[in-house]
Each structure stands twice: as structure tokens, then as C-alpha cells.
Amino acid sequence: MMSITKKQLFLLHFAGGNKYSYNFLQKSLVSDIEFIPIELPGRGERFREPLIKDKKEAIRDLFEQMSRKRNGAPFIIFGHSMGAILALSLAQLFEDHNDKPDYLVVSGNPGPLDGYKIPSRHNLDDDAFKASIAELGGVPNEIIENKDAFTFFSNIMRADFECIEKDQDLEKDITLQSSIYAIMGDQEALSDKIENWSRFTTAVFDYSIVEGNHFFIHNHSKTIGKIINYCFV
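Taking our numbering, I'd label the letters of the sequence shown as residues 1447 to 1679.
Quick caveat, the hints were computed from the structure, so don't treat them as lab data.
Errors might be hidden in some of the hints.
Unchecked claim - Restricting the straight-line Cα-Cα distance to at most 27 Å, the calculated cross-link-like pairs of lysine-lysine (DSSO-like) are:
| no. | residue 1 | residue 2 |
| --- | --- | --- |
| 1 | K1668 | K1612 |
| 2 | K1576 | K1593 |
| 3 | K1502 | K1473 |
| 4 | K1502 | K1612 |
| 5 | K1452 | K1672 |
| 6 | K1499 | K1473 |
| 7 | K1546 | K1465 |
| 8 | K1453 | K1499 |
| 9 | K1452 | K1639 |
| 10 | K1502 | K1563 |
| 11 | K1502 | K1618 |
| 12 | K1515 | K1668 |
| 13 | K1453 | K1672 |
| 14 | K1515 | K1452 |
| 15 | K1612 | K1465 |
| 16 | K1672 | K1639 |
| 17 | K1452 | K1499 |
| 18 | K1563 | K1499 |
| 19 | K1546 | K1515 |
| 20 | K1563 | K1576 |
| 21 | K1453 | K1593 |
| 22 | K1502 | K1465 |
| 23 | K1639 | K1668 |
| 24 | K1672 | K1515 |
| 25 | K1515 | K1563 |
| 26 | K1465 | K1672 |
| 27 | K1465 | K1452 |
| 28 | K1668 | K1502 |
Small disclaimer: the values here were computed from a predicted structure and weren't measured.
All chains should be modelled from the sequences, with the hints used to inform the complete structure.
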């Protein structure tokens, strides 16, 4: 029997996430897509490894993981929030290695904006940091209200925030040959800037705005699945 090489979907987690963060999406994808969540160290299966606080180091780590898993088939990189920013640099890196992604699918992020800097949160005091996390959403109250659980989780969040808050000009000159599809929630502060992503590609650009806040992804798994399936066609 001839084996079929599956198309590959690489998924990059949001700040504080891990390789399990997108499990809810898998059932919305067609069967010929290989579902490949990638995670940074210090969480999930890599919780014993030291956290990364440098964006370039994070990109190298993710690129090495993804390169080892590439099978030569068409592939898409998906990233939400922090994952969207890292995905942009990774798409460029794969293009530089003559392995162009079919699509970059980015959500919960308007992309790098001229004249705008991500506010610094990684160095807030504990109370302010906790309030910031609660406002962002996506974190269960059981974690926020449990001192030990939140201490462990906040170390991961602080490292991830530091990773994306520093060196914010890293992506400003990226121009992809890969197509980009962007998704944001209508309650997100910068959802009106979603078309900013079009600046980063010479290929096809499309976008959708759905109902919800920053973590709209949990209420729109079927919609996101349809978009990813569409991008593979």
C-alpha cells in the first residue's frame, strides 16, 4: 500500500501556552493534515528545561524543532498572539532556506505596527502583573487564585512577555512570498489594524474578524479549522 505524505500544520502557542494549547482545533481539520504543535522550553513536555527570554533564541529553538519534522509536503504555520509574531520570523527563515510555507495563519495580533510598541508587562510587580493577566483573559481563575500555581505560571508568562517585548523591530523589514491569513476578535483593542498584516507579504492576503475577545479562538474552533483547511487547498 502506498503511503501518503500528509500536509503539515505547525502551531505556535501564545504566551503562557504549550504544545497542548491547540488540541481543541484538531477535530476541525481535515484528515490529510498532520497536526504538529511546537513548544518553547520551560513548559509542557519541556518543563524541566530553562525558559527562553530572548526572541532570537526562541526563533532558533522553534526553527530547529520544525525543521526536524518537515516531510517535504506543503505546510502552514499558525500562531496566536505571541505565536503570530514568532511565526512571521519563522516563515521568513524557512523561505531563506528554500522551504516556503504555503500560508502563514496569524490570529489575535495585528502584526508589527509602525510607531507602536507592545507595552512592557514582564517587569511589573506581582499584583500589577496578576491584574494584567486577569484582564488579558484565557487563564483559569483556579490558576490566578492559587498562589503556588500562579507563581509557576507567572514565571512562564514573564519570560514569554520579555521575549516579545524586547527587540520589537526585529520583524519590521520582513517581506514574505508566502500568503498570509489573519484573524482577530472584534473586541480586541487593535482589531481595526488587522490589514496591517498585508504589508508583510507580496502574495495573497486575506482576513476575518470574528466575535470575541483576545481568546476568541476557544469559541471559534470550527471557523479557524475551516480557514486552515481552505488555506491548504
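For each hint, the structure was consulted:
1. Proximity of K1668 to K1612 is assessed by CA-CA distance (about 34 Å); at most 27 Å being required, the pair is judged violated.
2. For the hint linking K1576 to K1593, the alpha-carbon distance of about 11 Å falls within 27 Å, and the restraint holds.
3. In summary, the hint linking K1502 to K1473 is not supported, as the alpha carbons are separated by about 32 Å, beyond the 27 Å threshold.
4. Among the hinted pairs, K1502 with K1612 is consistent with the structure: their alpha-carbon atoms are about 10 Å apart, no more than 27 Å.
5. The suggested pairing of K1452 with K1672 holds, with an alpha-carbon distance near 17 Å, which does not exceed 27 Å.
6. Annotation: proposed proximity of K1499 to K1473 is violated, straight-line Cα distance about 33 Å (limit 27 Å).
7. The straight-line distance between the Cα atoms of K1546 and K1465 is roughly 23 Å, inside the 27 Å bound, and the hint therefore holds.
8. A threshold of 27 Å between alpha carbons decides the hint, and for K1453 with K1499 the separation of about 31 Å lies outside it, so the pair is violated.
9. For the hint pairing K1452 with K1639, the CA-to-CA distance comes to about 34 Å; that exceeds 27 Å, so the pair is violated.
10. A C-alpha spacing of about 18 Å is found between K1502 and K1563, which places the hinted pair at or below 27 Å, so the restraint holds.
11. Among the hinted pairs, K1502 with K1618 is consistent with the structure: their alpha-carbon atoms are about 14 Å apart, no more than 27 Å.
12. Proximity of K1515 to K1668 is assessed by CA-CA distance (about 26 Å); at most 27 Å being required, the pair is judged to hold.
13. At most 27 Å may separate the alpha-carbon atoms for a hinted pair to count; K1453 and K1672 meet this at roughly 15 Å.
14. At most 27 Å may separate the alpha-carbon atoms for a hinted pair to count; K1515 and K1452 meet this at roughly 12 Å.
15. Taking the CA atoms of K1612 and K1465, the gap is about 24 Å. The hint holds against a cut of 27 Å.
16. Between K1672 and K1639 the CA atoms are separated by roughly 23 Å; this keeps the pair inside 27 Å, and the hint holds.
17. Of the pairs offered as hints, the one joining K1452 and K1499 is violated, with about 33 Å between alpha carbons and a cut-off of 27 Å exceeded.
18. For a cut-off of 27 Å, the pair hint linking K1563 to K1499 stands: about 18 Å separates their Cα positions.
19. In summary, the hint linking K1546 to K1515 is supported, as the alpha carbons are separated by about 15 Å, within the 27 Å threshold.
20. Using a Cα cut-off of 27 Å, the hinted pair K1563 and K1576 holds, with the two alpha carbons roughly 21 Å apart.
21. A threshold of 27 Å between alpha carbons decides the hint, and for K1453 with K1593 the separation of about 42 Å lies outside it, so the pair is violated.
22. Taken as a hint, the K1502 and K1465 pair is honoured in the structure, with Cα atoms around 20 Å apart against an allowance of 27 Å.
23. For a cut-off of 27 Å, the pair hint linking K1639 to K1668 stands: about 24 Å separates their Cα positions.
24. At roughly 24 Å between alpha-carbon atoms, K1672 and K1515 fall within 27 Å of each other, so this suggested pair holds.
25. Only pairs whose Cα atoms come within 27 Å are accepted, and K1515 paired with K1563 is rejected, the gap being roughly 34 Å.
26. For a cut-off of 27 Å, the pair hint linking K1465 to K1672 stands: about 21 Å separates their Cα positions.
27. Taking the CA atoms of K1465 and K1452, the gap is about 20 Å. The hint holds against a cut of 27 Å.
28. For the hint linking K1668 to K1502, the alpha-carbon distance of about 33 Å lies beyond 27 Å, and the restraint is violated.
The structure is inconsistent with the numbered hints 1, 3, 6, 8, 9, 17, 21, 25 and 28, although it conforms to all the rest.
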